[in-house]
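There are 4 protein chains.
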Amino acid sequence: MDIGFIGLGGMGVPMATNLIAAGHKLRVYNRTSSKADALVKKGAALMSNAAAVASSGGIVITMLADDAAVESVVLGPDGIANRLAPGGIHISMSTIAPAAARKLAEYHAESGSRYIAAPVFGRPDAAAAKRLWICTSGPPDAKHKVASILEAMGQKIFDFGEEIGAANAHKIAGNFLIAAAMESIGEALAMLEKSGVDRAASIEMLASTLFACPVYQGYGNAIAQMRHTPAGFRLQLGLKDVDLALQTGAELRVPMPIASMLHDRFLASIAGGRAEMDWSAVALAARDDAGLPPPK
Amino acid sequence: MDIGFIGLGGMGVPMATNLIAAGHKLRVYNRTSSKADALVKKGAALMSNAAAVASSGGIVITMLADDAAVESVVLGPDGIANRLAPGGIHISMSTIAPAAARKLAEYHAESGSRYIAAPVFGRPDAAAAKRLWICTSGPPDAKHKVASILEAMGQKIFDFGEEIGAANAHKIAGNFLIAAAMESIGEALAMLEKSGVDRAASIEMLASTLFACPVYQGYGNAIAQMRHTPAGFRLQLGLKDVDLALQTGAELRVPMPIASMLHDRFLASIAGGRAEMDWSAVALAARDDAGLPPPK
Amino acid sequence: MDIGFIGLGGMGVPMATNLIAAGHKLRVYNRTSSKADALVKKGAALMSNAAAVASSGGIVITMLADDAAVESVVLGPDGIANRLAPGGIHISMSTIAPAAARKLAEYHAESGSRYIAAPVFGRPDAAAAKRLWICTSGPPDAKHKVASILEAMGQKIFDFGEEIGAANAHKIAGNFLIAAAMESIGEALAMLEKSGVDRAASIEMLASTLFACPVYQGYGNAIAQMRHTPAGFRLQLGLKDVDLALQTGAELRVPMPIASMLHDRFLASIAGGRAEMDWSAVALAARDDAGLPPPK
Amino acid sequence: MDIGFIGLGGMGVPMATNLIAAGHKLRVYNRTSSKADALVKKGAALMSNAAAVASSGGIVITMLADDAAVESVVLGPDGIANRLAPGGIHISMSTIAPAAARKLAEYHAESGSRYIAAPVFGRPDAAAAKRLWICTSGPPDAKHKVASILEAMGQKIFDFGEEIGAANAHKIAGNFLIAAAMESIGEALAMLEKSGVDRAASIEMLASTLFACPVYQGYGNAIAQMRHTPAGFRLQLGLKDVDLALQTGAELRVPMPIASMLHDRFLASIAGGRAEMDWSAVALAARDDAGLPPPK
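So the protein lines, in turn, are chains A, B, C and D. Once you know that position 77 of the first sequence is 77 in the working numbering, the rest is easy, because the numbers rise by one and skip nothing. Once you know that position 63 of the second sequence is 359 in the working numbering, the rest is easy, because the numbers rise by one and skip nothing. Once you know that position 151 of the third sequence is 743 in the working numbering, the rest is easy, because the numbers rise by one and skip nothing. Once you know that position 291 of the fourth sequence is 1179 in the working numbering, the rest is easy, because the numbers rise by one and skip nothing.
Simulated from the structure, these hints should not be mistaken for laboratory data. Be aware that one or more of the hints could be misleading.
[What the hints assert, rightly or not] Below, simulated DSSO-like cross-link-like pairs (lysine-lysine); rule was C-alpha separation at most 30 Å, straight line:
#, chain 1, residue 1, chain 2, residue 2
1, C, K786, D, K991
2, A, K240, C, K695
3, D, K991, C, K832
4, D, K1044, D, K929
5, A, K240, B, K490
6, A, K194, D, K1128
7, C, K695, A, K103
8, C, K786, D, K1128
Sequences and hints are given; from them, build the entire structure.
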């Protein structure tokens, strides 16, 4: 199929690469065009503006930083919602607010095109290995039509029904749970460290038993060893995701005290100069508060 | 071997049963003696007081409710510390404070006997299936001598070295992490429920991917389905364990904000009449706060 | 002087009344025009749209609900920023974000008019009694020119300098401190109530000694007696103000854990059906959590 | 009257001095006897042990550091409870737990003497100026009998009835409210400082209007100016008082989230080396978290 792809960051490039490998023809766009070089060598066509990747009845994938970035390419007379009409499909894979997804889906509907939410779990290495977990919501026929495209980018698709905000709400909940786990691990290890228990031994036990799963293994080890660079996912973006949970909770009148507390931790981490570290560095704050010296 | 066993609650009975099955001879004691019936049928000798299970140079296992209960059988002229001397070993498997473990170990040392910390992870069904995870700390030679006894009760032994409080600190950290995960799941699902996302579908996705581990699978499903009776581990005891983390943190000057917040959640749950439910019922508080009606 | 006045809510009406009493001529506007009836009887001219209250070189006061409401009357070719040019002054008395104040002030400057921030402390009865405390920031000459107008509405003016966001930041901090005091009182009285101490006696002692000041006397008594209707300031608006503190803190990378916690309390209060009560009703949440029955 | 006085710290000395000035005869005791020098010069008799200050039917005042210190002089065959019998009165002025007060009162009753709770608000300078606020609870006749003694030490007596724990619960609530106010001020001023608002100007406005009371004036100015030495009340003791609130709340199943959060702040402050500063230094933590450099 002919596919437009907007957003060639750390996630977008490997995802687009997998689409090419699966035999799809790509028209790509990125604000910084040099990010497209490797894809162009593999046959992708680089367009000079976002709208140009979309054509009537076609398919466009966006993998952008935030609500505003997605809105900026979708809305307006020259936005992809209009360019895809009639009948085209926008697969929106960014982590955005459910409320933003609803607004975008409505705009598409009015424009005569369709919007599918398809946020992903996984970091760049998982994207490269085609091991993303993709969560979808939106109109069934549109999801059906793009199923093979999604399968070319991930190891499994999880569908959350027709309510368009559902996949994003789930994605935000998942990221919140990761952040909560990291903070909890940080507190536990600070207490253990001052108790004279080996941080790594403790995580090794937990991550091979009760918590034998990717989050506690991956982030648990990083936190135990205080290894937070290079960033797989920048701490500053972690704050954005925690804030999405808070914002969604606030709209629905759902207090989320751990999310509130994480908001404060991420702010303190950024104020303390850790914005560009991996978001697992949020766990260092528990050590700071315990008076333990920062890792060299 | 001849082994004394004190504390025949939901955990103690299956653990003692496994020891008998492994060929050990047991002298058992419990405050409520009827709890020993099944063990007596399998050949255990029921003693009329705690001290009577201990003999000079022997081995005693305790599996009791809290610091005070362990101290009450260990200390004093007629306590097991004295009765085990010279050379006997006390395997203390309860979840108690590291500070209490240090105090008890010192008392044993002065009495001429030895103390090993060996708290366990696992609920009664895991104890019955010999699938406990056992964490040890204490004198190496004593641990070596009782290794086969521990192996008869669990699937794996994790050693945390000679510092006597280490295994308990680790155990407390583990329970804190479970409680933190339950609260986080509760908040996430309250937000998802009000977003129109199916609670069970969300947990199914997470617990088969990022969080594919016993805690998120077991407690995650219980929380998604609001299934909190019968109690595997009573909520009231959950507060005790969270407070052990707080107490240990306070002694070492380690602030643990999530533990503080859990303390408040457990108190509110008990004030709201949930003391006898499973401790996973702590996750209901997030629904309460969101104005969602309690499960029928 | 000829003064335009936009926003005739519970605060705006008594403030405008005081201006008329001081001899000023008012052109007024409110979305719901019936709110202007009493003022019209006293000689105010009711205009059919917000822009019509403003004239070139004149003075306009706004007392509106939030950032968006103020922006809607200021911005645009027909907004008051343009209508006041050249040389007119906009006295913005609403509680809005410092960032919004900066944006509005810039817009005025570009339009050729001036913007003064002049948020107030005090409830409708204080406004009626001319006992408001007015906090100003902005260009000195403009503040000088309108000093007598402000004096006609309040008991004292506190100036916070030229930085345009300063008065609003201070106002937001003040409201945050009130909310924090109310929550703290709620927690303290829940503990005392369950201790068998008389709520009113406790507040009477504190509010006549250590805390002998309007906030602890007024809100303290309301909370002690659980008297939260009619609303002097609606709980829903209280959330808005707490969120302004959080938003300002987030922009500047200042974690405010009590503000975060208040955000959650206000959400729970609204989810629990207290949105239209006085914001002091936020203190009931501590009783709820303690399992105390809600006041009849 | 003949009065025994135990505990000659920063508070005890000026309180005892006022009793002598009022014409009472004092027998005093302090662990470090040199603290009694000034009182001895004024005519007090220094005893060599605590029990010796008490005589049958007499009156003893204690002003000690914590529950354990009071218990150590009250309990036992040679404790003051026995020495005061029959009919003597113990005026217990320390800040202790309501539960401890109940236990001590019972012990006195069994011994044939009486116990009055009479904790005070005020720092050493207020004690010297006879400006303490004294809160009483306990048996009415005993309170009546010692009224003139209490009046010799404070500016006003507030009675909280017969329930013996009431005065201490109230005192603990008051100290909690002070700590909550200090933390709130710390957060507000950190936000204002980064907003470019003058810390002192902001407090000056608030403490002369909404918050025109001793706590916000005294601590507010100290916090605005970051003046936290010498300590009027050491930060380490502040943690003790916050923990008394938490402990009382926990016993009664009253969650106190701000107290929990203060517990963490005090721990972080101690871990960061501020144990010996005034407890108002707890407000520095908000600046730390905001990345503001510590005061020189």
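Against the structure, the hints come out as follows:
Under the criterion of a C-alpha separation no larger than 30 Å, the hint pairing K786/C with K991/D is consistent with the structure, at around 18 Å. Proposed proximity of K240/A and K695/C is supported: the alpha carbons are some 23 Å apart, at most 30 Å. Annotation: proposed proximity of K991/D to K832/C is violated, straight-line Cα distance about 47 Å (limit 30 Å). Distance hint between K1044/D and K929/D is fulfilled; the C-alpha atoms sit about 28 Å from each other, no more than 30 Å.
Proximity of K240/A to K490/B is assessed by CA-CA distance (about 21 Å); at most 30 Å being required, the pair is judged to hold. Pair hint K194/A plus K1128/D holds up; C-alpha atoms about 21 Å apart against a cutoff of 30 Å. For the suggested pair K695/C and K103/A, the alpha carbons sit about 26 Å apart, so the restraint of at most 30 Å is met. Between K786/C and K1128/D, the direct Cα distance comes to roughly 21 Å. Compliance with the 30 Å bound is thereby established for this hinted pair.
In this structure, the one hint that does not hold is number 3.
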